[in-house]
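There are 2 protein chains.
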Amino acid sequence: MCGLPILAILVRHSTVSSFPSNGQTAAMIDGKLIADGIRSRIASEVGRMKNSIDRIPGLAVIMVGWRKDSETYVRNKMKACEEAGIKSVLAQLPNDCSEDDILKALLSFENDPSIHGILVQLPLPNHLNEERILNALSLEKDVDGFHPLNMGNLAMRGREPLFIPCTPKGCVELLIRSGIDIMGRKAVVIGRSNIVGLPTFLLLQRHHATVSVVHAFTKNPEEITREADIVVTAAGVPNLVRGSWLKPGAVIIDVGTHPIEDPNHEHGYRLLGDVCYEEAVQVASALTPVPGGVGPMTIAMLLSNTLDAAKRAYDFS
Amino acid sequence: MCGLPILAILVRHSTVSSFPSNGQTAAMIDGKLIADGIRSRIASEVGRMKNSIDRIPGLAVIMVGWRKDSETYVRNKMKACEEAGIKSVLAQLPNDCSEDDILKALLSFENDPSIHGILVQLPLPNHLNEERILNALSLEKDVDGFHPLNMGNLAMRGREPLFIPCTPKGCVELLIRSGIDIMGRKAVVIGRSNIVGLPTFLLLQRHHATVSVVHAFTKNPEEITREADIVVTAAGVPNLVRGSWLKPGAVIIDVGTHPIEDPNHEHGYRLLGDVCYEEAVQVASALTPVPGGVGPMTIAMLLSNTLDAAKRAYDFS
Numbered sequence: 034m035c036g037l038p039i040l041a042i043l044v045r046h047s048t049v050s051s052f053p054s055n056g057q058t059a060a061m062i063d064g065k066l067i068a069d070g071i072r073s074r075i076a077s078e079v080g081r082m083k084n085s086i087d088r089i090p091g092l093a094v095i096m097v098g099w100r101k102d103s104e105t106y107v108r109n110k111m112k113a114c115e116e117a118g119i120k121s122v123l124a125q126l127p128n129d130c131s132e133d134d135i136l137k138a139l140l141s142f143e144n145d146p147s148i149h150g151i152l153v154q155l156p157l158p159n160h161l162n163e164e165r166i167l168n169a170l171s172l173e174k175d176v177d178g179f180h181p182l183n184m185g186n187l188a189m190r191g192r193e194p195l196f197i198p199c200t201p202k203g204c205v206e207l208l209i210r211s212g213i214d215i216m217g218r219k220a221v222v223i224g225r226s227n228i229v230g231l232p233t234f235l236l237l238q239r240h241h242a243t244v245s246v247v248h249a250f251t252k253n254p255e256e257i258t259r260e261a262d263i264v265v266t267a268a269g270v271p272n273l274v275r276g277s278w279l280k281p282g283a284v285i286i287d288v289g290t291h292p293i294e295d296p297n298h299e300h301g302y303r304l305l306g307d308v309c310y311e312e313a314v315q316v317a318s319a320l321t322p323v324p325g326g327v328g329p330m331t332i333a334m335l336l337s338n339t340l341d342a343a344k345r346a347y348d349f350s
Numbered sequence: 034m035c036g037l038p039i040l041a042i043l044v045r046h047s048t049v050s051s052f053p054s055n056g057q058t059a060a061m062i063d064g065k066l067i068a069d070g071i072r073s074r075i076a077s078e079v080g081r082m083k084n085s086i087d088r089i090p091g092l093a094v095i096m097v098g099w100r101k102d103s104e105t106y107v108r109n110k111m112k113a114c115e116e117a118g119i120k121s122v123l124a125q126l127p128n129d130c131s132e133d134d135i136l137k138a139l140l141s142f143e144n145d146p147s148i149h150g151i152l153v154q155l156p157l158p159n160h161l162n163e164e165r166i167l168n169a170l171s172l173e174k175d176v177d178g179f180h181p182l183n184m185g186n187l188a189m190r191g192r193e194p195l196f197i198p199c200t201p202k203g204c205v206e207l208l209i210r211s212g213i214d215i216m217g218r219k220a221v222v223i224g225r226s227n228i229v230g231l232p233t234f235l236l237l238q239r240h241h242a243t244v245s246v247v248h249a250f251t252k253n254p255e256e257i258t259r260e261a262d263i264v265v266t267a268a269g270v271p272n273l274v275r276g277s278w279l280k281p282g283a284v285i286i287d288v289g290t291h292p293i294e295d296p297n298h299e300h301g302y303r304l305l306g307d308v309c310y311e312e313a314v315q316v317a318s319a320l321t322p323v324p325g326g327v328g329p330m331t332i333a334m335l336l337s338n339t340l341d342a343a344k345r346a347y348d349f350s
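Going down the list, the protein sequences come from chains C and G. Per the working numbering, the first sequence starts with residue 34, numbered consecutively. Per the working numbering, the second sequence starts with residue 34, numbered consecutively.
Keep in mind that the hints were calculated from the coordinates and are not lab data. Hints should not be assumed to be uniformly reliable.
To give a feel for the contact side, a few chain G residues facing chain C, derived at Cβ under 8 Å [to be verified]:
1) Leu182
2) Met184
3) Gly185
4) Asn186
5) Arg190
6) Arg192
7) Leu195
8) Arg210
9) Ser211
10) Gly217
11) Ser245
12) Val246
13) Thr251
14) Ile257
15) His291
Derived lysine to any residue pairs resembling SDA-like cross-links, with alpha carbons at most 25 Å apart [said to hold, decoys possible]:
16) G:Lys252 / C:Gly212
17) C:Lys252 / G:Glu255
18) G:Lys252 / C:Glu255
19) G:Lys280 / C:Arg259
20) G:Lys252 / C:Ser131
21) G:Lys112 / G:Pro127
22) C:Lys280 / G:Glu255
23) G:Lys252 / C:Glu104
Anything over 10 Å on all C-beta distances counts as not near chain C; from chain G, calculated [to be verified]:
24) Asp63
25) Gly70
26) Arg74
27) Ile86
28) Ala188
29) Ser226
30) Phe250
31) Glu294
32) Asp348
Note that the Cβ used here is the ideal one computed from N, Cα and C, for glycine as well.
The following block holds chain C by itself, in its conformation from the complex (with noise of 0.2 Å):
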């Protein structure tokens, strides 16, 4: 039913057994590399889209106050857009700005029908209610997939969700175009946030892989994850799942970015993921990095549903 892993076999040669291991070195799974590719192959749809029908996808973002690393990924999934043809609105709202303020601008989006996604961009300053704003994105437009009754749907056998949520999305499609065999797999998760680890569960699970999800109660994180193929990490915890974590010829992907101090990088800081990679590289089979692995694909994955978004908008295929 499994065959090995193509990037395992790499590995293989080499004779992973124990840890520490003779100096063996993990394939590294190039998550912009696929993105690229995923990107230039939806800038050529949206081209297509717009030569056959004179339309174009559009994906409109709220977001509120002025966190520095929501700027960043603001502007990044923007540009994102731009390259591969794709309209993009920002409403940029105060940092003290009411619930009713944001439910405006997302009503004037979802009445917008150049606008096939919206986004509101997490985490919302402490005082409005996240449960209540999303809860008013309507399902054709929640391109991040975080409506709960899509989340039902993405967990529920023989339901369809409109839309799987950009990351967990990001981290199956590097497995499975790494060409990782999934299917009867052993996967543990780590985390059990509601925009990762459950959904990531969801659909390792929905890809039939036998899954076991780990978080803060677990007592044996490392035992538990050393029994696995497949680990996605997205503990927010940086260098957590060191070597002795993990199962030799494992495939790791990791979703924690977490940017520390560092005055000899460029912006003054560099970006360190959930795992120890110079460990991990010594055990597993593939991994990807930090930056550079999931990231990349969860900009990827957003273009991908938005123009799904207007694809069944304009019930183009």
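Knowing the structure of chain C, use the given hints to seat chain G on it.
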């Protein structure tokens, strides 16, 4: 964080360490007894509601066709309603009825203020679209908790489903009322149906267990199950789980009910679970029997959900 479960203490005196053990017998989790206690408390709550506001909860059941097992389940549910003072109404439709016929019945119950819970007895005949029918149920009357929005709210942290599906809720109530800690324990759910396996996973995770889901594509279900402190089986395969699958001292909740012909039994058949009871009882610290384990709890939870729905409708607490 996690003390020894009360039932496990009973057993550990006999130093369970390997399988087969020397005659150790697990504590039986008496679902019937626990369910009887819950039902009698529900009956007194219904009495209090009637005395205070002159209203009682009402449950409507929609049954299509004449499956023998469904008839038994429905009869048991309605009998339990009667005993608790809850009104129950049955709409029995012929096997060849149309989707519209069902939707019409459903709508009439939706519009009836004396009905607070509606359940569609599953499975439906193949010509009917179960998804479309279940989606037509309002969240407020979905006492089975099978609506995808309800499931999404069960899955997501920080959200609250209006109803928790009856069987999973019954399983977790059995654990809690038997003094078994869930938080931080390792749990395995065998099976991933929308009705039992999936919501049981979601509910155990809400209680902070570390949960793995075993299903038909799992390669080594025995090995994974043997690591669990808590095992919930809803596999639909009689006697699947042998003693060798279990960790000594584990707690086992058996959702399976398989009628097996047996001329020596009163009704010409007897019920088997997913678990080989005679073997499991020598390894586990506590387990549910079949019948008399989860079954009675499912009914008690249906009454409890119906009472909750009525309290919500009348703003009665």
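Each hint, compared with the structure:
{"no.": "1", "hint": "Leu182", "verdict": "4 Å, holds"}
{"no.": "2", "hint": "Met184", "verdict": "4 Å, holds"}
{"no.": "3", "hint": "Gly185", "verdict": "3 Å, holds"}
{"no.": "4", "hint": "Asn186", "verdict": "5 Å, holds"}
{"no.": "5", "hint": "Arg190", "verdict": "6 Å, holds"}
{"no.": "6", "hint": "Arg192", "verdict": "6 Å, holds"}
{"no.": "7", "hint": "Leu195", "verdict": "11 Å, violated"}
{"no.": "8", "hint": "Arg210", "verdict": "21 Å, violated"}
{"no.": "9", "hint": "Ser211", "verdict": "20 Å, violated"}
{"no.": "10", "hint": "Gly217", "verdict": "5 Å, holds"}
{"no.": "11", "hint": "Ser245", "verdict": "4 Å, holds"}
{"no.": "12", "hint": "Val246", "verdict": "6 Å, holds"}
{"no.": "13", "hint": "Thr251", "verdict": "4 Å, holds"}
{"no.": "14", "hint": "Ile257", "verdict": "7 Å, holds"}
{"no.": "15", "hint": "His291", "verdict": "21 Å, violated"}
{"no.": "16", "hint": "G:Lys252 / C:Gly212", "verdict": "20 Å, holds"}
{"no.": "17", "hint": "C:Lys252 / G:Glu255", "verdict": "21 Å, holds"}
{"no.": "18", "hint": "G:Lys252 / C:Glu255", "verdict": "21 Å, holds"}
{"no.": "19", "hint": "G:Lys280 / C:Arg259", "verdict": "19 Å, holds"}
{"no.": "20", "hint": "G:Lys252 / C:Ser131", "verdict": "52 Å, violated"}
{"no.": "21", "hint": "G:Lys112 / G:Pro127", "verdict": "22 Å, holds"}
{"no.": "22", "hint": "C:Lys280 / G:Glu255", "verdict": "20 Å, holds"}
{"no.": "23", "hint": "G:Lys252 / C:Glu104", "verdict": "45 Å, violated"}
{"no.": "24", "hint": "Asp63", "verdict": "29 Å, holds"}
{"no.": "25", "hint": "Gly70", "verdict": "29 Å, holds"}
{"no.": "26", "hint": "Arg74", "verdict": "30 Å, holds"}
{"no.": "27", "hint": "Ile86", "verdict": "30 Å, holds"}
{"no.": "28", "hint": "Ala188", "verdict": "5 Å, violated"}
{"no.": "29", "hint": "Ser226", "verdict": "7 Å, violated"}
{"no.": "30", "hint": "Phe250", "verdict": "4 Å, violated"}
{"no.": "31", "hint": "Glu294", "verdict": "30 Å, holds"}
{"no.": "32", "hint": "Asp348", "verdict": "21 Å, holds"}
Checked against the numbered hints above, the structure violates hints 7, 8, 9, 15, 20, 23, 28, 29, 30; every other hint is satisfied.
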